[in-house]
Amino acid sequence: MKTKILLLLLMILAVICCTSGEEVIIGEPIVVQIMGNANMDQYVDDQDIAFIQEIISGSKEKTKLADANNDGSIDQEDITQIEKILDRTATELFYLDANEEVSKVRHPLNTAIVVYDNAGEIIRILGAQDKIIGTDNMIVALPTYFPEFSKLPSIGNRKDMNVEAVLDIGPEAVIVPKLSNIGPEFKEKITNNGIDYVMLRMWESHTSVPALMTLGYILDETENANRYIDYQEKILNEIKSRVATIPEEKRKRVFMDRPGDTTVAKGSGYSEAIEFVGGINIAKDISKDTGTQLPEVDAEWVVKENPDVIIGLSWEGGYETHDINTLKKRYDEIIAKPGFSSMDAVKNNQVWVTTYIDLLGPGYHIGLVKLAKMLYPELFADMDVKQLQNEYLTNWQHINYDLENHGVFQYPKN
1 MKTKILLLLL
11 MILAVICCTS
21 GEEVIIGEPI
31 VVQIMGNANM
41 DQYVDDQDIA
51 FIQEIISGSK
61 EKTKLADANN
71 DGSIDQEDIT
81 QIEKILDRTA
91 TELFYLDANE
101 EVSKVRHPLN
111 TAIVVYDNAG
121 EIIRILGAQD
131 KIIGTDNMIV
141 ALPTYFPEFS
151 KLPSIGNRKD
161 MNVEAVLDIG
171 PEAVIVPKLS
181 NIGPEFKEKI
191 TNNGIDYVML
201 RMWESHTSVP
211 ALMTLGYILD
221 ETENANRYID
231 YQEKILNEIK
241 SRVATIPEEK
251 RKRVFMDRPG
261 DTTVAKGSGY
271 SEAIEFVGGI
281 NIAKDISKDT
291 GTQLPEVDAE
301 WVVKENPDVI
311 IGLSWEGGYE
321 THDINTLKKR
331 YDEIIAKPGF
341 SSMDAVKNNQ
351 VWVTTYIDLL
361 GPGYHIGLVK
371 LAKMLYPELF
381 ADMDVKQLQN
391 EYLTNWQHIN
401 YDLENHGVFQ
411 YPKN
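Quick note on numbering: the UniProt record's numbering labels position 16 of the sequence shown as 16, and the sequence is numbered without any gaps.
Each hint should be verified, as a subset may be incorrect.
Claimed, not checked - Per label pair, the in silico range of CB-to-CB distance:
| # | residue 1 | residue 2 | range |
| --- | --- | --- | --- |
| 1 | 76 | 280 | 16 to 24 Å |
| 2 | 162 | 88 | 29 to 37 Å |
| 3 | 88 | 143 | 33 to 41 Å |
Rather than coming from a laboratory, the hints here were simulated on the basis of the structure.
We put the CB at the ideal spot given by N, CA and C, even for glycine.
Please model the entire structure based on the sequences and the hints provided.
Encoded structure:
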């Protein structure tokens, strides 16, 4: 029963995670959303002080992050606030939350509750595990992946988080992702009790890394955030440089088969991932007609399009299971669809199934390399997905996990 409940939760998450309504663009420059980052780059630093001085003198225009102390004017007090951020003496920080609204949080945070698995991953990348004193049911249900957090007291399901449980745990803040079913009532109740509410976009690909950087400032872990961003950018840049060598006429046409006879269109992070690794998403422009990033498609349309590669998403698999049949079942379901046996992708054994989680959250570079190898195995032959995953687990997630014998992430295996 517990496994079935967890699976249902993951399926709901996957639906929500791909319907943000905002286009996801992988590889865009990172802008840390801390007020005081006046020049809108990856850091709050001395360059922002110089930028503020130029705004005051009239030679620069005000930016949306320039008002460091959020008092409505740009002046010397903003420079003072930036100086406090730099020497870590600021007692509060202002930042843009997931709704693009200015929020305030005490600084630094010493205790917090973390909600959602991608948020938990970010905390571990930052090395701030010791500041987490509570979590939610999703993380509790993932004891293999979150051995430390899953033992903490839970505040319930994110759709119905228990305010009394939060007050009993007594954190300084609750850290949550932007998800449509977290209501404003919860925020109001905990903030009225003196607990900060930190909501950032942490499950998408490109937005999870700016969120990581923002939390780095809030938790005083900017060095670890910068180290991770530098590490990940090297991998993204390597993918981009190789993809740039693929002529347009030789790029693979890809259909992403999503459970429920749906696919992914422009605006979905999955669609952007296909394009980033050099694929052509055959359903990219369907959203123009349907108004959704996750349109329904019938088998006849796919057969007519005859893609070179089919990539099936699965809500099952991951770190908590070791049964490859969870993905094989999904694979068999795809190739058995009416007319699919006549397509080039099926005849050439170019059908793959992957767990959806690989392309979400701060470790999305692992999923990108996996997709790249599915589409262009020779071009990406020397990039080892398992090695990258081991690095992520060991160096950034700080857990000991045996990928050789445990976990299910792809079918067929390379």
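Holds or violated: 33 to 41 Å for the Cβ distance of residue 88 and residue 143?
Once the Cβ atoms are compared, 35 Å apart, the range 33 to 41 Å for residue 143 and residue 88 holds.
Is 16 to 24 Å a correct range for the gap between the Cβ atoms of residue 76 and residue 280?
violated (53 Å)
Could you tell me whether the CB distance from residue 162 to residue 88 stays inside 29 to 37 Å?
holds (34 Å)
In this structure, the one hint that does not hold is number 1.
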